[in-house]
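Taken in order, these protein sequences are the chains called A and B.
In terms of our numbering, the first sequence opens at residue 1 and continues consecutively.
In terms of our numbering, the second sequence opens at residue 1001 and continues consecutively.
Calculated directly from the structure, the hints in this document are not laboratory data.
The reader is advised that the hints may include incorrect statements.
With a straight-line Cα cutoff of 25 Å, these simulated SDA-like cross-link-like pairs (lysine to any residue) come out [claimed, not checked]:
id: 1; chain 1: A; residue 1: K105; chain 2: B; residue 2: P1098
id: 2; chain 1: B; residue 1: K1042; chain 2: A; residue 2: N22
id: 3; chain 1: A; residue 1: K54; chain 2: A; residue 2: I111
id: 4; chain 1: B; residue 1: K1042; chain 2: B; residue 2: T1005
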Amino acid sequence: KNEVEQSPQNLTAQEGEFITINCSYSVGISALHWLQQHPGGGIVSLFMLSSGKKKHGRLIATINIQEKHSSLHITASHPRDSAVYICAVSYLYSGGGADGLTFGKGTHLIIQP
Amino acid sequence: EPEVTQTPSHQVTQMGQEVILRCVPISNHLYFYWYRQILGQKVEFLVSFYNNEISEKSEIFDDQFSVERPDGSNFTLKIRSTKLEDSAMYFCASRREPNTEAFFGQGTRLTVV
Chain A
1 KNEVEQSPQN LTAQEGEFIT INCSYSVGIS ALHWLQQHPG GGIVSLFMLS
51 SGKKKHGRLI ATINIQEKHS SLHITASHPR DSAVYICAVS YLYSGGGADG
101 LTFGKGTHLI IQP
Chain B
1001 EPEVTQTPSH QVTQMGQEVI LRCVPISNHL YFYWYRQILG QKVEFLVSFY
1051 NNEISEKSEI FDDQFSVERP DGSNFTLKIR STKLEDSAMY FCASRREPNT
1101 EAFFGQGTRL TVV
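Please work from the sequences and hints to get the whole structure.
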């Protein structure tokens, strides 16, 4: 079964720290998504990437296709960054990227003031 | 900014009853999805829908489930005879094209009693 693994499962850090969340997957993908889920439950898309690196504000996402690994970084973390961060992938075999995403279990991030 | 809207936000139903969860995807999107998240677990893919037909469905999406796009704007998930284990948060999502960013609704929390 093709799984998406995230680490760490839980992360507590102090405000201002540099945060890294990791994601690995087992077979070829057409794209990888980083998503954010707040306690209310809603899911927000942060990044979609298939190669290289993307940056949006204090968030940076990288992917290494050969190593089947992606990282999400948060610079100058802030308490409002506290949320669950989820990695999800579209597998290459699944409808050319049009079919459903396979999700990791998420990383619970708490940033303390 | 365009968004995916879901109604109701919370539904309580008795076991054995039929429920219909409603979603209005972003207007120029062509690919539609339903996902569910049982409390404390990861998000799971249920079904994808394109060109007025199901393009992929998971093992979870059995004969009790159906989807429909009854008009140009709504996308519905029907559960014919709810079971206790159907209690979960159900998310609708849409995409403009394959391998583009997925936009999620805020979810419908379904509680089966």
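Practice task
Would you mind confirming whether the straight-line C-alpha gap from A:K105 to B:P1098 stays at or under 25 Å?
Solution key: 23 Å, holds
Handout entry: Given hint B:T1005 paired with B:K1042 - CA-CA distance at most 25 Å
Key = The hint holds at about 21 Å.
Problem - Hint consistency between A:K54 and A:I111 [alpha-carbon to alpha-carbon, up to 25 Å] - result: 23 Å, holds
Exercise for the section: For the pair we were handed, B:K1042 and A:N22, check the Cα-Cα distance against 25 Å. Expected result: 16 Å, holds
Taken one by one, the earlier hints all hold for this structure without exception.
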